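There are 2 protein chains.
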Amino acid sequence: MADNELPVDQVATMDLNDDAVQRHQFSDRVLIKSILTRPDGGAGLAGQQVRVGGWVKTGREQGKGSFAFLEVNDGSCPANLQVIVDKDVADLGQLVPTGTCVYVEGMLKNPPEGTKQKIELRVQKVVDVGMVDPAKYPIPKTKLTLEFLRDRIPFRPRTNTIAAVARIRNALAYATHTFLQKQGFLYIHTPIITTSDCEGAGEMFQVTTLISDADKLEKELIKNPPPSEADIEAAKLVVKEKGEAVAKLKSDKAGKEAISASVTELTKAKENLARLEERSKLKPGIPQKDGKIDYTQDFFARQAFLTVSGQLQVETYACAVSNVYTFGPTFRAEHSHTSRHLAEFWMVEPEMAFSDLKDDMNCAEAYVKFMCDWLLDHCFDDMEFMAKNYDKSCINRLRMVASTPFERITYTEAVELLEVAVKEGKHFENKVEWGIDLASEHERYLTEVKFQKPVIVYNYPKGIKAFYMRLNDDLKTVAAMDVLVPKVGELIGGSQREERYDVIKSRIEDMGLPLEPYEWYLDLRRFGTVKHSGFGLGFERMILFATGIDNIRDVIPFPRYPGRADL
Amino acid sequence: MADNELPVDQVATMDLNDDAVQRHQFSDRVLIKSILTRPDGGAGLAGQQVRVGGWVKTGREQGKGSFAFLEVNDGSCPANLQVIVDKDVADLGQLVPTGTCVYVEGMLKNPPEGTKQKIELRVQKVVDVGMVDPAKYPIPKTKLTLEFLRDRIPFRPRTNTIAAVARIRNALAYATHTFLQKQGFLYIHTPIITTSDCEGAGEMFQVTTLISDADKLEKELIKNPPPSEADIEAAKLVVKEKGEAVAKLKSDKAGKEAISASVTELTKAKENLARLEERSKLKPGIPQKDGKIDYTQDFFARQAFLTVSGQLQVETYACAVSNVYTFGPTFRAEHSHTSRHLAEFWMVEPEMAFSDLKDDMNCAEAYVKFMCDWLLDHCFDDMEFMAKNYDKSCINRLRMVASTPFERITYTEAVELLEVAVKEGKHFENKVEWGIDLASEHERYLTEVKFQKPVIVYNYPKGIKAFYMRLNDDLKTVAAMDVLVPKVGELIGGSQREERYDVIKSRIEDMGLPLEPYEWYLDLRRFGTVKHSGFGLGFERMILFATGIDNIRDVIPFPRYPGRADL
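Sequence lines, in order, name chains H and F.
Anchor point for the first sequence: position 520 equals 519 in numbering that gives the first Met the number 0, and the numbering is continuous, going up by one each time.
Anchor point for the second sequence: position 361 equals 360 in numbering that gives the first Met the number 0, and the numbering is continuous, going up by one each time.
If you are wondering where the hints come from, they were derived from the structure by calculation, not from laboratory data.
These numbers come from a predicted model, not from an experiment.
One or more of the hints may lead you astray.
In the EDC-like style, the derived pairs of lysine to aspartate or glutamate whose C-alpha atoms are separated by at most 16 Å in a straight line are [what the hints assert, rightly or not]:
#1 F:215 to H:333
#2 H:269 to H:232
#3 H:291 to F:212
#4 H:357 to F:518
#5 H:235 to H:276
#6 F:291 to H:232
#7 H:86 to H:60
#8 F:135 to H:522
#9 F:504 to F:518
#10 H:291 to F:217
#11 F:291 to H:217
#12 H:63 to H:90
#13 H:215 to F:217
Please build the complete structure, drawing on both the sequences and the hints.
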């Protein structure tokens, strides 16, 4: 801040005392996390002069208005710092409403014996206040439902739950990068706008400038109407006259200058006519050709869509630099109103050359375990919040998954187990028989009831899986695998890819897909092909799994689903 | 791999010997990097049994076809491993074409004295080969231009240049996360699909399902034509008859059962009529209402676009959890064919609560320096490749930027310096006077000629900057800043944000923008407002700066620009 009055070396000392202390490098603010998450709860910092900023969670005036207690949170950790302000220092009425932003300076002190806090801040100076009119504040202090908060997207990160989800999401993202970087994977930015359709069938969003171009043209034509037939006839007449004038001058053997001037006039008249004829062809609306939309006029000169997966594209890098991954947004234009689907969601997709299905399963298992350990190490306070408020078992679930080898069974074994369950009286909505796509209820039975731990099901029937999955020697199954975990069911789907040119070509044809759009993908098998495998993890699913939250709309900052795309 | 014959403990030993050794955790492959980038160039690994996989850069048969030398690269580092295969081990003719994929097992040996390599691999077994027909290979061994490679997107990562760019890009991405995470920033996934327009004027791509829905409807109507007027008249007649039948039965005081049966028939006839009337309203084409496209029928029930920046959205998190950033794709539908613009590119946008313009500049400078240091520490071999092939000065540039404090001058000072330059005979294409937006030539003069180091220009005229930038006390300038660096000019643009409700409201109105779309943004100033600042770094610009490559299309894996969106 401009008026830096804080003795900087005192703050700097804090950095030296304890690894956990985190001072904001670019201002003189101290993160509340660096005070409260020390092993001593901050007690050892008593006597330190600090500046903190945050938003008031609860505030109350005490001692007949002689001082105020504020619970202040800055988002760096779930815990609030207790802040005490005397009435001589500031207008207490302005500070206490929930949601007020305070930026204050003061001395850390040990509170009286017997209080919960290990440290509190006695304010000497209020640097800044961002006030709140409690009558109008969008998120009142009363108990709020997650559904209510979905209608208040700009303010919901100020709630304990959405802030904790943000920290957990952040931790999982960084854990993802850290894990894969350590293993030598390169992060590849696959395209969002694509002209390929990975699944061969997905419901895709179209990306276009045709509509806005048509709007612009329409406005332009209103402002500046196209020429009428009469205008064009008139212009044609001028051309004719000017042409005749030139002819006459020539036949009269007029002087060079006169002829030249006349020819110039004719040229101008012809240009004018051409311009009018060109403009007369302009039609409002989306350009058509042969009764269809003319996509050669679109921005990319062809139809373009939002990606449903970066897998096919990232394979071009796997087939060149061997270990790669993509981590980015993907899209489905499905009119799905469930608690498990979003129109825009994030996926992590590693792809490894020189690897088969077993390697793929090993990688997926190690990755999930790494994320569980990471959360236990880096977000334990947020996990405690989730355990208290959303899912008692979430911490134990992380510990179990981190430490237990995943069960691995073939699809055929999975179906046999489900058939046994049915015989023993278990009721499923969906029929169980070899060849079905496992439904969520089947997956959850396997991981939650039968094995009570993560299960990898592999070698699925080829008929229910994508063309790019490697055909097994039985010619009936493909080298696909799904990782099922308690609470969410399928967390990861992956496969060894079909690296044999002839086989993948037949598979595309057998599925009735056109070859042409996949020629580049086939080329990867034509030239220097390699055994490779990979998988996709639905990032929001991982957050649901970790936090125990039920609705996927609450674990992404800006949820997009049919009818809603706020901000 | 399925047939794991490698003595695993030998490989594991390598991990213990040296930090630089990196074995792929999920298979028994050893990355070439872990052999060649050891301080001893791999010499100390002689005698080790390893499996490596990669693509042949060059191959040649020697000794009258008795053995082959292969230069093999697996993308983990720029260097190739020299691999020697005897004719007894494999068909050498299959192995030597450029682009062939080889997966081999053998023993590392020290080559004869006097050779460049410190280690080479003597192959005992060829595990897998992905062959290449050299006559058809899309990227022949001859010297290739970057432009030529842009027409061969799936294969260009197999070239030294594009692979090196991929490693540098990956390193910069991870450096970004590491730097910001260390400073306590939370990574927030801002939306790609947006219903806000950050700049108030951007050329945006539209995201829609209206066209595909119209296509579906058209096909459906052809297959199953809508009812004719006659169909509807006939159905109306049936309703009339059934109604009369009911009336007659009632007036005849018929039995309950007979009346009930007749009423059922009437109900069915009415339902049939309603269904026909509903279907008769179906019209092919994009749905219209009052002469305009009816966006209530679109997927999100309103017009939606691809984001041009995540800034406004990420501010909702900055105003709740204080330090945040977004790192994702952004889009511009500009018909720009320059070497500096893409339709899809990546931006890093940190946002800090409780921070002013000075803090913002400190953060931006520290971030750029961190990235430069990171590349020198993690990608020195790739940087040497770039220095050799693209830009002799690129390594020195990184060193200079990492170690030199950035010059900081106001916009007014910048204009004065440019005016002095003009007086001294410097020619600019664009006129210099207070109030202009600095052109690239001006920026590059300041950073490359005048100061010969990075320059931060701040306090720009309000007229040329966005509404959300904080108005300075002079009422003429705003607290904006641009970071200019040699080679690319503007690398970063940022500002302190206007946190005062009344001021930002006036600014929006003064710029002739509608208030309604920004109400949520104004709300952040109405309730618990906070001083905050942030910036955006064009990620591809940073790669251009680092590598010295000239065209932005060569530093993103899948470039999108007018007329092109391959894959």
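So, going through the hints one by one against the coordinates:
1. Annotation: proposed proximity of residue 215 (chain F) to residue 333 (chain H) holds, straight-line Cα distance about 14 Å (limit 16 Å).
2. Straight-line distance between C-alpha atoms of residue 269 (chain H) and residue 232 (chain H) comes to about 12 Å, which keeps the hinted pair within the 16 Å bound.
3. Annotation: proposed proximity of residue 291 (chain H) to residue 212 (chain F) holds, straight-line Cα distance about 14 Å (limit 16 Å).
4. Distance restraint check for residue 357 (chain H) and residue 518 (chain F): the Cα-Cα separation of roughly 53 Å exceeds the 16 Å cut-off, and the hinted pair is therefore not satisfied.
5. A distance of roughly 10 Å separates the Cα atoms of residue 235 (chain H) and residue 276 (chain H); the hinted pair therefore holds under the 16 Å criterion.
6. Of the pairs offered as hints, the one joining residue 291 (chain F) and residue 232 (chain H) is violated, with about 33 Å between alpha carbons and a cut-off of 16 Å exceeded.
7. Simply put, residue 86 (chain H) and residue 60 (chain H) have alpha-carbon atoms about 9 Å apart, close enough for the 16 Å limit, and the pair holds.
8. Simply put, residue 135 (chain F) and residue 522 (chain H) have alpha-carbon atoms about 10 Å apart, close enough for the 16 Å limit, and the pair holds.
9. Distance hint between residue 504 (chain F) and residue 518 (chain F) is fulfilled; the C-alpha atoms sit about 9 Å from each other, no more than 16 Å.
10. Taken as a hint, the residue 291 (chain H) and residue 217 (chain F) pair is honoured in the structure, with Cα atoms around 11 Å apart against an allowance of 16 Å.
11. Between residue 291 (chain F) and residue 217 (chain H), the direct Cα distance comes to roughly 11 Å. Compliance with the 16 Å bound is thereby established for this hinted pair.
12. For the given pair, residue 63 (chain H) sits about 14 Å from residue 90 (chain H) by alpha-carbon distance, which is consistent with the 16 Å threshold.
13. Between the alpha carbons of residue 215 (chain H) and residue 217 (chain F) the distance comes to roughly 26 Å, so the proposed pair goes past 16 Å and is violated.
Checked against the numbered hints given earlier, the structure breaks hints 4, 6 and 13 and satisfies all the rest.
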